[in-house]
Structures are given as C-alpha cells and as structure tokens.
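The hints should help you fit chain B onto chain A, whose structure is shown.
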Amino acid sequence: DQQVKQNSPSLSVQEGRISILNCDYTNSMFDYFLWYKKYPAEGPTFLISISSIKDKNEDGRFTVFLNKSAKHLSLHIVPSQPGDSAVYFCAASANSGYALNFGKGTSLLVTP
Amino acid sequence: DAGVTQSPTHLIKTRGQQVTLRCSPKSGHDTVSWYQQALGQGPQFIFQYYEEEERQRGNFPDRFSGHQFPNYSSELNVNALLLGDSALYLCASNTADTQYFGPGTRLTVL
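Protein chains in written order, with the numbering used here: chain A, 1 to 112; chain B, 1 to 110.
Not one of these hints is a red herring.
Sample of chain B residues facing chain A (criterion: CB under 10 angstroms; computed from the structure):
1. Gln6
2. Gly42
3. Phe47
4. Gln56
5. Ala92
6. Asp97
7. Thr98
No lab work stands behind these hints: they were computed from the structure.
No experiment lies behind these values; they were computed from the predicted model shown.
The C-beta atom is built at its ideal place from N, Cα and C for all residues, glycine as well.
In isolation and in its complexed conformation, chain A is listed as follows (with noise of 0.2 angstroms):
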C-alpha cells in the first residue's frame, strides 16, 4: 500500500525556468517530510525538509510548499539548472527521524 505517492515518473524543463515536482500522501500521520535528489549509482542526497507545522520551507533555489489539508507537498526549483537534473523522491515520516515512507520519484530533466 503506497502512503506516498509521486504521479509524475518525469518531467522536462527548460534551464532557468521553475520546476515543480509534486508529491501526494495518504497517512495522516505523517508530520515530517524530506526531499531528496539522487543520482544514478549514489544514495539519495538530502534536498529540503518540512514539518507539518509549518506550509512553506526555503533554501536558496528550493522551496517545499505543504497543503495538510489536501495532503499534498511540492518541490519548487527555481531557477532550474541542467545540473539538477536528477530523479527526486519525496519521503515522510510519522515521527521525524523514525521510517521513511518513500515515493517511486519524478525524473527531472532541465535542458539547456
């Protein structure tokens, strides 16, 4: 049973233009969540984090957005790079520090 969900398997943007990746969760539960970048044959690389306590979280290029309500997060890149390109998951947990729940990630591709 998939608790997160990533409905996009890929999405292609052009460099400096703003990506949004979205991520859909069904756990009510679940009050921490990260992003995460990898790169093919590394581990997933820590992007951005969010706590339900809050709906919007910002580091540089990257903002994660959070909707409670709707059960719903976004990873917003602006301006998006050809180095971002990468797939992305998007994970959440009942108890921040405890077990991911991972979604099966969004290829992204920024081309120039």
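Quick look at chain B alone, frame taken from chain A:
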C-alpha cells in the same frame, strides 16, 4: 567529515546463500536505518537501530536481520537469498530529524 559509508559496493550471490552488508554512520550520528530499493521503486524501510537495539521494523521477513555495534556501525544480514532480494541496499544515519544516506550496496542474486 566523512559521510555514511557502506561496503561492499557490489555483491553477487546465488539463491539460498547468506549475505552481510556493512554501514558506518556519519560522524556524530547514533541511529542507523536500512532500506531496500528495487529497480524503478522508491526505497523501502527495512529496520532502524538505536542504542544497539532494533527500534522500528518495516514489512520484511525474518530472513532480514541486523545488528548495531557500540561504535554505532551496523550490519544487515539476509539469509536464504531469493532472486527477489536483488536490489540496492541503502544505509542511512541520523541523530535528529534528517536521515543521510550512504552510496548503497548493489546486491545481485543469481
């Protein structure tokens, strides 16, 4: 500051064999988690160790077991390997909210 390290990088085993994977956490981290990532899927939580005890376990059979040592390093053991155990095994460590991942061990079962 060394991040999370895992060994070996790659491993090939045959059905029925046993395997041990190793993980050293990031400096200062006392909690280690293990995940299995099959091709085209997101990582699936296997279990988490804290203070040398299994603190939380995912939906994996008893063939999957682990250990955490006093220096916080950890091992993942898988017995009676099946073809379906072929995957990337990821170790993550944390001391607070955020888990940081190692590069993984690619296990192939023939």
